[in-house]
Amino acid sequence: MRQGHQSWVFPLKPVILGHAAIGGPFEAKGPLAEDFDILHGDLNLGQDSWEKAEKVLLEEACSKAVEKAGLTKEQINFMLAGDLMNQIISASFSARTLSIPFLGIFGACSTAMEGLALAALMVNSQAAEYVLAATSSHNGAAEKQYRYPTEYGSQKPPTAQWTVTGAGAAVVASQGKGLRITGATIGHIVDMGLTDPFNMGAAMAPAALSTIDSHFRDFQLPHDHYDLIVTGDLGRTGHAILSDLLPKHHMHIPLERYIDCGKLIYGENPNVWSGGSGCGCIATVTYGHLLRRMKQGEWKRILLVATGALLSPLTFQQGESIPCIAHAVAVESE
Amino acid sequence: MADQKKKKLTPVQQEYQELAKGHEPPRPLLRNFTRAFLVGGGICMIGQGIQEMFIHYFHFTEKTAGNPTVAVLIILSALLTGLGLYDRIAQWAGAGTSVPVTGFANSIASAAIEHRSEGFVLGVGGNMFKLAGSVIVFGVAAAFVVGLIKTLFTMGG
Numbered sequence: 001m002r003q004g005h006q007s008w009v010f011p012l013k014p015v016i017l018g019h020a021a022i023g024g025p026f027e028a029k030g031p032l033a034e035d036f037d038i039l040h041g042d043l044n045l046g047q048d049s050w051e052k053a054e055k056v057l058l059e060e061a062c063s064k065a066v067e068k069a070g071l072t073k074e075q076i077n078f079m080l081a082g083d084l085m086n087q088i089i090s091a092s093f094s095a096r097t098l099s100i101p102f103l104g105i106f107g108a109c110s111t112a113m114e115g116l117a118l119a120a121l122m123v124n125s126q127a128a129e130y131v132l133a134a135t136s137s138h139n140g141a142a143e144k145q146y147r148y149p150t151e152y153g154s155q156k157p158p159t160a161q162w163t164v165t166g167a168g169a170a171v172v173a174s175q176g177k178g179l180r181i182t183g184a185t186i187g188h189i190v191d192m193g194l195t196d197p198f199n200m201g202a203a204m205a206p207a208a209l210s211t212i213d214s215h216f217r218d219f220q221l222p223h224d225h226y227d228l229i230v231t232g233d234l235g236r237t238g239h240a241i242l243s244d245l246l247p248k249h250h251m252h253i254p255l256e257r258y259i260d261c262g263k264l265i266y267g268e269n270p271n272v273w274s275g276g277s278g279c280g281c282i283a284t285v286t287y288g289h290l291l292r293r294m295k296q297g298e299w300k301r302i303l304l305v306a307t308g309a310l311l312s313p314l315t316f317q318q319g320e321s322i323p324c325i326a327h328a329v330a331v332e333s334e
Numbered sequence: 001m002a003d004q005k006k007k008k009l010t011p012v013q014q015e016y017q018e019l020a021k022g023h024e025p026p027r028p029l030l031r032n033f034t035r036a037f038l039v040g041g042g043i044c045m046i047g048q049g050i051q052e053m054f055i056h057y058f059h060f061t062e063k064t065a066g067n068p069t070v071a072v073l074i075i076l077s078a079l080l081t082g083l084g085l086y087d088r089i090a091q092w093a094g095a096g097t098s099v100p101v102t103g104f105a106n107s108i109a110s111a112a113i114e115h116r117s118e119g120f121v122l123g124v125g126g127n128m129f130k131l132a133g134s135v136i137v138f139g140v141a142a143a144f145v146v147g148l149i150k151t152l153f154t155m156g157g
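Protein chains in written order, with the working numbering: chain A, 1 to 334; chain B, 1 to 157.
Same shape as in the complex, but just chain A (with noise of 0.2 Å):
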């Protein structure tokens, strides 16, 4: 099953059996509002704190995901999530509400697509049934953790981004119809030495860049394989570097076919910034925009490279640089 020297094949390809994305206000003007599953027009989604908020996104996007893989929760084996917050503690709040046998995971910004590839792991080792792997973010959240009080007043640079208020959600399973998960590359730590934590983009770059050579040189694909590869959040200033990146590095990718979920989500909107981030961006994208536009034949092989930025306040204050991965799953219809 392991594949060259850092990826995994998956020969009984599991299924991605159901899938769902939660969305907040924000997401909800955003250009792919009619791709998310529920969305909110309350930021507080009717809870006294953005961390219970943020919950609520996650247990909803698990169910809805779990409903529309025509099962039921007791069914689900095993639950792999993890989140932005200290201790993860949408995702162990969210399992306690479900109590499905849980695995807490945290990649940062990269945990959708880390569990997306261990849940397709477990599947394809038959180790499990049926895997659930879910993660949010929650704006208000991610900004008072990793930032300042979400009503202080400070102004951002151009390269900051928006933290993706939502949460994604995917049933892997055995069998079934679907679209098909069909391998995965684990990234390793790549950190250039970046430490501005309001441009996570030019930090995270590499990491993508890393995993994606990684991916092709393991599976001994031709670069144009691909009908689109997929990197999480690094915006318009990260795909731009990575944009760069990718031909200097002798990986002869068409570009048009390379996009980011930082750069979908809210579409040209200056408001955000360099774009969306945040674990609920690529979930949402994926679970919502993309697998649902695969399903209908517009790409049939997709290449997803979560990104992220596994640094933490304490860290940036102490000086250190900010350490990133980037984890790639590929993606088939049948």
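Quick caveat, the hints were computed from the structure, so don't treat them as lab data. Please note that the accuracy of each hint is not assured.
The calculated DSS-like cross-link candidates involving lysine-lysine, where the alpha carbons are at most 30 Å apart (straight line), are [said to hold, decoys possible]:
(1) A:248 / B:21
(2) A:300 / A:29
(3) A:52 / B:130
(4) A:68 / A:248
(5) B:8 / A:156
(6) A:177 / A:13
(7) A:52 / A:29
(8) A:13 / A:248
(9) A:156 / A:29
(10) A:144 / B:150
(11) B:8 / B:63
(12) A:52 / A:177
(13) A:177 / A:144
(14) A:248 / B:8
(15) B:21 / B:8
(16) A:144 / A:156
(17) A:29 / A:13
(18) A:73 / A:177
(19) A:295 / A:68
(20) A:295 / A:29
(21) A:144 / B:63
(22) A:144 / A:29
(23) A:156 / B:21
(24) A:156 / B:63
Here are some, though not all, of the chain A residues that point toward chain B, as calculated from beta-carbon distances under 8 Å [unchecked claim]:
(25) 9
(26) 11
(27) 45
(28) 48
(29) 49
(30) 147
(31) 149
(32) 151
(33) 155
(34) 156
(35) 159
(36) 202
(37) 206
(38) 214
(39) 240
(40) 241
Heads up, the beta-carbon is just placed ideally off N, CA and C, and yes, glycines get one too.
The hints should help you fit chain B onto chain A, whose structure is shown.
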């Protein structure tokens, strides 16, 4: 300092950082300066107006009008923070809104609102000076040093 930091980076890291810098959209400095000047000046002008009002209508002297003026500005700033407007104005105005009184009030009010969910004592009480705390600490320390210098000079003279 910057050179020292650079020395620790490998050549590959340095090369990448050069490339990344080239892709960084430049900060609109001229626009930021202009807006900061206008808004910062505007806030001060409002303050001046309030002070004049206290002097003319409430018979304060120029010296005693200072305190109620500051209080009014603080209330306005806290109100705008609570209504969720101050941060939007700040994104537009930049440094213009972080000028002393209103920016300071905003930093306290925003932290207090943000941590209300953790309760009044540990949440609001424990966090409201999260941002303002260092201003107070270093403000007091600086005032002490300046006070000392002033005392030394007046003793000599």
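Hint check:
{"no.": "1", "hint": "A:248 / B:21", "result": "holds, 16 Å"}
{"no.": "2", "hint": "A:300 / A:29", "result": "holds, 29 Å"}
{"no.": "3", "hint": "A:52 / B:130", "result": "holds, 23 Å"}
{"no.": "4", "hint": "A:68 / A:248", "result": "violated, 43 Å"}
{"no.": "5", "hint": "B:8 / A:156", "result": "holds, 28 Å"}
{"no.": "6", "hint": "A:177 / A:13", "result": "holds, 11 Å"}
{"no.": "7", "hint": "A:52 / A:29", "result": "holds, 23 Å"}
{"no.": "8", "hint": "A:13 / A:248", "result": "violated, 33 Å"}
{"no.": "9", "hint": "A:156 / A:29", "result": "holds, 21 Å"}
{"no.": "10", "hint": "A:144 / B:150", "result": "violated, 42 Å"}
{"no.": "11", "hint": "B:8 / B:63", "result": "violated, 54 Å"}
{"no.": "12", "hint": "A:52 / A:177", "result": "violated, 34 Å"}
{"no.": "13", "hint": "A:177 / A:144", "result": "violated, 41 Å"}
{"no.": "14", "hint": "A:248 / B:8", "result": "holds, 25 Å"}
{"no.": "15", "hint": "B:21 / B:8", "result": "holds, 18 Å"}
{"no.": "16", "hint": "A:144 / A:156", "result": "holds, 15 Å"}
{"no.": "17", "hint": "A:29 / A:13", "result": "violated, 36 Å"}
{"no.": "18", "hint": "A:73 / A:177", "result": "holds, 19 Å"}
{"no.": "19", "hint": "A:295 / A:68", "result": "holds, 14 Å"}
{"no.": "20", "hint": "A:295 / A:29", "result": "holds, 24 Å"}
{"no.": "21", "hint": "A:144 / B:63", "result": "violated, 40 Å"}
{"no.": "22", "hint": "A:144 / A:29", "result": "holds, 23 Å"}
{"no.": "23", "hint": "A:156 / B:21", "result": "holds, 17 Å"}
{"no.": "24", "hint": "A:156 / B:63", "result": "violated, 38 Å"}
{"no.": "25", "hint": "9", "result": "violated, 30 Å"}
{"no.": "26", "hint": "11", "result": "violated, 37 Å"}
{"no.": "27", "hint": "45", "result": "violated, 14 Å"}
{"no.": "28", "hint": "48", "result": "holds, 6 Å"}
{"no.": "29", "hint": "49", "result": "holds, 4 Å"}
{"no.": "30", "hint": "147", "result": "violated, 11 Å"}
{"no.": "31", "hint": "149", "result": "holds, 4 Å"}
{"no.": "32", "hint": "151", "result": "holds, 4 Å"}
{"no.": "33", "hint": "155", "result": "holds, 4 Å"}
{"no.": "34", "hint": "156", "result": "holds, 7 Å"}
{"no.": "35", "hint": "159", "result": "holds, 6 Å"}
{"no.": "36", "hint": "202", "result": "holds, 4 Å"}
{"no.": "37", "hint": "206", "result": "holds, 6 Å"}
{"no.": "38", "hint": "214", "result": "violated, 17 Å"}
{"no.": "39", "hint": "240", "result": "holds, 5 Å"}
{"no.": "40", "hint": "241", "result": "holds, 5 Å"}
Checked against the numbered hints above, the structure breaks hints 4, 8, 10, 11, 12, 13, 17, 21, 24, 25, 26, 27, 30, 38 and satisfies the rest.
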